[in-house]
Structures are given as structure tokens and as C-alpha cells.
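Chemist: Okay, so the sequence shown: first residue is 1 according to my numbering, each after it adds one.
If you're looking for bench data, these hints aren't it; they were derived computationally from the structure.
Just so it is clear, CB atoms sit at the ideal spot from N, CA and C, and this is done for glycine as well.
Don't take every hint at face value.
[Stated by the list, open to error] Straight-line Cα separation of at most 20 Å, EDC-like style, residue types lysine to aspartate or glutamate; simulated pairs:
#, residue 1, residue 2
1, LYS315, ASP297
2, LYS315, GLU303
3, LYS315, GLU414
4, LYS315, GLU382
[Stated by the list, open to error] Simulated DEER-style distance windows between Cβ atoms:
#, residue 1, residue 2, range
5, GLY252, ALA203, 56 to 64 Å
6, ASP295, GLU208, 42 to 50 Å
7, ALA82, ARG49, 16 to 24 Å
8, GLU142, GLU86, 35 to 43 Å
9, GLY213, ALA284, 16 to 24 Å
10, GLY291, ALA203, 51 to 59 Å
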Amino acid sequence: MLRTLRVRDLAIIDELEVVLEPGLNVITGETGAGKSILLQALDVALGGRPDADLVRSGADEGAVEALFTVVPATVRELLAAAGIPEQGQGGELIVRRVIAQGGRTRAYVNGALGSLPLLHELAPHLLRVYGQDEHQALRRVESHRELLDAIGGLGSTLEEMRLRHARLVAARQELAHAEAERDAAAERSELLAAQLQELERAALMAGEEEALGAERVRLVHAERLAALTTAAEAAAYSDEGAGSESLGRALGSLREAERLDPALAPVRTLLETALAEVEEAGQALGHYARGLTLDADRLDAVEERFALLARLRRKYGGTVEDLIARRQALAGELAGVGNEERLTGLAAAIVEAERAATEWARRLSVERRRVAHQLTRAMTAELAGLALKGARFAVRFGETEGRPIGPDGWDELEFFLSANPGEEPRSLARVASGGELSRIMLALKTQAATETRGATLIFDEVDAGIGGAVAEVVGRKLQQLGRSRQVLCVTHLPLIAAFAEHHVVVT
Numbered sequence: 001m002l003r004t005l006r007v008r009d010l011a012i013i014d015e016l017e018v019v020l021e022p023g024l025n026v027i028t029g030e031t032g033a034g035k036s037i038l039l040q041a042l043d044v045a046l047g048g049r050p051d052a053d054l055v056r057s058g059a060d061e062g063a064v065e066a067l068f069t070v071v072p073a074t075v076r077e078l079l080a081a082a083g084i085p086e087q088g089q090g091g092e093l094i095v096r097r098v099i100a101q102g103g104r105t106r107a108y109v110n111g112a113l114g115s116l117p118l119l120h121e122l123a124p125h126l127l128r129v130y131g132q133d134e135h136q137a138l139r140r141v142e143s144h145r146e147l148l149d150a151i152g153g154l155g156s157t158l159e160e161m162r163l164r165h166a167r168l169v170a171a172r173q174e175l176a177h178a179e180a181e182r183d184a185a186a187e188r189s190e191l192l193a194a195q196l197q198e199l200e201r202a203a204l205m206a207g208e209e210e211a212l213g214a215e216r217v218r219l220v221h222a223e224r225l226a227a228l229t230t231a232a233e234a235a236a237y238s239d240e241g242a243g244s245e246s247l248g249r250a251l252g253s254l255r256e257a258e259r260l261d262p263a264l265a266p267v268r269t270l271l272e273t274a275l276a277e278v279e280e281a282g283q284a285l286g287h288y289a290r291g292l293t294l295d296a297d298r299l300d301a302v303e304e305r306f307a308l309l310a311r312l313r314r315k316y317g318g319t320v321e322d323l324i325a326r327r328q329a330l331a332g333e334l335a336g337v338g339n340e341e342r343l344t345g346l347a348a349a350i351v352e353a354e355r356a357a358t359e360w361a362r363r364l365s366v367e368r369r370r371v372a373h374q375l376t377r378a379m380t381a382e383l384a385g386l387a388l389k390g391a392r393f394a395v396r397f398g399e400t401e402g403r404p405i406g407p408d409g410w411d412e413l414e415f416f417l418s419a420n421p422g423e424e425p426r427s428l429a430r431v432a433s434g435g436e437l438s439r440i441m442l443a444l445k446t447q448a449a450t451e452t453r454g455a456t457l458i459f460d461e462v463d464a465g466i467g468g469a470v471a472e473v474v475g476r477k478l479q480q481l482g483r484s485r486q487v488l489c490v491t492h493l494p495l496i497a498a499f500a501e502h503h504v505v506v507t
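Let the sequences and hints guide you as you build the complete structure.
Modeler: Put into C-alpha cells, the structure is as follows:
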């Protein structure tokens with residue numbers, strides 16, 4: 001039960017506290033006084049998205065807090081699963097939401113930081129809101145099935161049906177995609193085979209373009225490289241007076257000096273290292289120079305390989321590494337051409353998905369017919385209590401044989417009404433007046449309410465389009481609902497407000 005609603009700095013509200021009671025609570029007030037803001041605040045408290053300009057002008061942030069008492073067991077289970085302790089001794093729940101300018105929010109559940117998914121889970125077990133003009137939905141035949149499912153509490157069965165249908169759709173799409181790939185690949189197989197053969201014949205290796213480039217430079221400039229490295233080797237190592245010879249003389253003098261002053265030992269070590277490195281460099285240069293050859297045949301082979309790589313890169317795009325990846329992809333694509341084993345497996349998956357979807361569609365249909373039978377009987381009594389005595393309500397199902405399975409099963413159904421004794425029931429969407437639709441929707445919502453006995457029922461201006469004796473009947477019905485649960489009704493009609501146990505006036 002919603003016990004207290006506190007609102008601060010939202011829209012035109014500076015600060016407001018509303019205390020509600022068990023039974024029928026009525027909220028009245030002039031148009032524009034702020035009745036709708038209270039309902040909007042409740043929606044925001046339980047996870048609704050706030051308008052960007054909801055925070056009162058001049059305030060940094062607004063807040064809404066709702067206190068619920070004697071919460072249903074389902075709510076306590078959800079709180080326990082989220083690790084949130086109960087509040088107080090009587091199973092209280094305090095939900096608070098802080099809204100900053102611009103729409104950013106923070107949520108708290110029993111003082112602990114909460115999440116929007118948790119609020120969305122809690123909301124249907126705490127509040128059920130029925131909006132103004134909602135009865136006009138009865139003029140849309142497609143809404144009848146949704147109402148029947150809600151009244152029958154078929155949400156879990158419907159969820160399973162939608163899951164099975166989604167799997168069926170996914171299986172069909174996967175097979176269609178695989179078949180399209182196979183057909184496209186078959187058309188391209190000759191081209192793919194030729195491309196694969198060309199790339200395999202090229203025997204490409206990662207990094208070879210860089211290696212070939214370096215080799216080509218050596219071959220083109222072999223004569224110049226030989227001259228330069230030979231001269232460097234001679235100056236450093238083999239010529240008379242070369243660097244190694246000078247370092248050797250310097251090292252001999254330093255060793256003699258070291259005998260006089262041991263402090264020169266580190267310098268001597270440096271010279272020894274330098275001499276060893278110069279000798280090693282000279283030997284390496286000599287080896288390099290002797291290995292250079294003016295190999296015209298090898299240069300031709302390198303140039304030819306370069307030309308092949310350039311042609312392949314122009315043809316297919318990318319680097320040599322990209323060409324290698326393309327070769328592997330072509331091999332995989334060609335391997336998949338005519339892969340009937342995979343297609344057979346996908347077809348078998350569709351058969352299984354169709355079987356599962358059909359089974360759940362059948363279950364859902366059976367459940368709907370059971371609910372329809374119970375609803376037909378219950379609505380006779382409900383309508384009689386809403387000044388439609390003698391009216392007959394019926395639910396008629398369309399032919400299901402041969403109908404495709406959709407996410408909501410295969411049922412087509414429609415509500416029918418006979419407003420007067422002796423008349424055959426006719427399509428509710430076509431024959432009912434606005435006042436009749438309001439009362440019929442109220443009767444249907446009354447039946448749906450039995451599925452959520454712990455939740456507060458909120459009726460937002462259900463008096464739209466009615467008045468006089470009908471308004472009195474609706475008021476009595478709301479009062480009757482309030483005997484077993486908390487009901488909150490926003491109304492403009494005194495005839496309805498008169499039945500309230502608790503009256504809130506918004507000024």
C-alpha cells in the first residue's frame with residue numbers, strides 16, 4: 001500500500017507531502033493544479049524517465065520519495081535478492097529518487113543505492129496505473145488479446161512463447177544466410193579458385209617484401225659497397241698505420257705508464273676494449289666485402305619477384321600480409337561451397353525450433369481459452385454491477401489451422417458484447433458507446449487486478465466521457481475495489497469523489 005508520497009522541487013511543486021489511506025483515495029482539483037504531477041512523480045519514483053525540465057526552475061535538483069507499507073511477498077523476495085534489507089518491522093519499503101537539472105538521477109531503495117532495473121522489477125508489484133481514455137483501446141481489436149493475457153496472468157507463458165519464436169526466426173535467418181552464401185560462392189567458385197591458385201603459386205611469405213628491398217639495394221650497389229667497405233677495412237685494420245695499429249702502439253705506451261701509476265688501469269681497459277672492437281669490425285668488413293658479388297642473374301630474379309608482388313598488390317589491394325590473409329580466406333570460402341552437411345544441420349535446427357514454437361503456441365492457446373471461459377462468466381456479474389444488467393460478454397477466437405506462428409502465438413481473438421437481452425453479441429470495437437467502453441474497461445481492469453492483489457490501483461480520470469448515473473455506478477465499483485485493496489483515483493466528478501474514504505484536494 002502507498003502510504004506517503006513526498007515531492008520536492010518538481011515542476012510547480014515546491015514541497016508537498018501526501019498521506020494516503022487504505023481503501024478508495026480520491027484526488028481532485030482544478031485543471032492545471034498539479035494532479036498529473038503527482039502521478040508523474042510516482043512514475044519517476046519507480047523508474048520512469050523524468051522530463052528534462054521536470055526539476056523546478058531555480059532548483060539544482062528535485063526529489064520524490066514514496067513509502068509503501070505491507071508490501072507483497074514478491075517485493076520482499078526481490079529486495080532480498082538485491083541484498084537490500086527490509087525497512088521497519090512491518091515490511092515497509094522506501095523508494096527515493098533524486099533528479100538533477102538535465103534529467104540525471106540517483107535512486108535509493110530503503111536507504112541503499114538502487115538501480116533502475118530493480119525499480120522496474122518492483123513497480124508492477126506496487127502500482128498498477130490505468131490512464132484516462134484507456135478504454136478507447138478497446139476499439140482496437142489487437143488490444144483484446146493483450147488484455148486477455150494480462151487478465152489471465154499469462155506473462156510467463158507469453159515470454160516463453162516469444163523466446164521460442166525468436167529462436168525459430170534466428171534459425172530460419174541463419175539457414176537463409178548460409179544458403180545465400182553457398183549460392184553466391186558457387187557462382188564465384190571458378191573465380192575464387194583461379195585467385196586462390198594464383199596466390200598459392202606466388203608462395204608469399206610474411207616480411208619478404210622488406211627483405212627483397214634490402215637485397216635489391218645490395219645487388220644494385222654491390223661495386224660501390226665493395227669499394228667503401230674495403231677502404232674502411234683497410235683504414236681500420238689491414239693498412240700500415242691503420243687504426244688498430246695506432247691503438248696497439250697507444251696501448252703499449254699506456255701499459256708501461258700503468259706500471260708507474262696503477263690509477264691508469266681503467267684507461268688501459270678502455271683502450272684494450274677499443275682495440276678488440278676495431279679488430280673485430282675490420283674482420284667483419286673484410287668478410288662483408290669478400291662476400292659481395294655482381295650477380296646479375298640474382299638481381300633479375302629479385303626484380304621479377306618485386307614485379308610479381310607489385311602486380312598482386314595492385315590486383316587485390318593491401319600488403320603482402322593482406323594477400324596471405326586473402327589466400328587463407330579464399331581457401332575457407334571455397335571449402336564452404338557445397339557444404340551440405342552444415343545446411344542439413346541448420347535445416348534440422350529449424351525443424352526442432354518449429355516443434356518447440358508450435359508446442360508453446362498450443363499451450364498458450366489452451367491457456368487463453370481457459371481464461372476466456374472464466375472471463376466470460378465473470379464479466380456478466382461485473383457488467384451487471386456497472387448498470388449493464390442483461391449484457392453478455394464473449395471472447396471469440398479465429399481459426400488457427402494454417403495460421404503462422406508469431407511472437408504471441410497463433411491466436412486471433414476479439415471481444416464481443418450484447419448490450420441488451422435477446423441480441424446476438426457483436427464486435428465490441430464497433431458497437432459499444434464511449435460510456436459502455438469505460439464501464440467495460442473498468443470491469444476488465446477489475447479482473448486483471450485479481451492477479452496483483454498487493455498492488456495499489458491508480459485510475460487516472462477514468463470518468464472521461466461519462467456522467468450522471470453511470471458516474472455513480474463507476475464510483476460504487478471503485479469503492480467496492482477499495483474494500484480489498486488500496487485504490488487511488490484522479491477525478492473531476494463529484495459523484496465519484498463522494499464514494500472516497502479519503503479525499504485529497506490539489507490547489
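Chemist: Under the constraints set out in the numbered hints, which ones does this structure not fulfil?
Modeler: 1, 3, 4, 6 and 10
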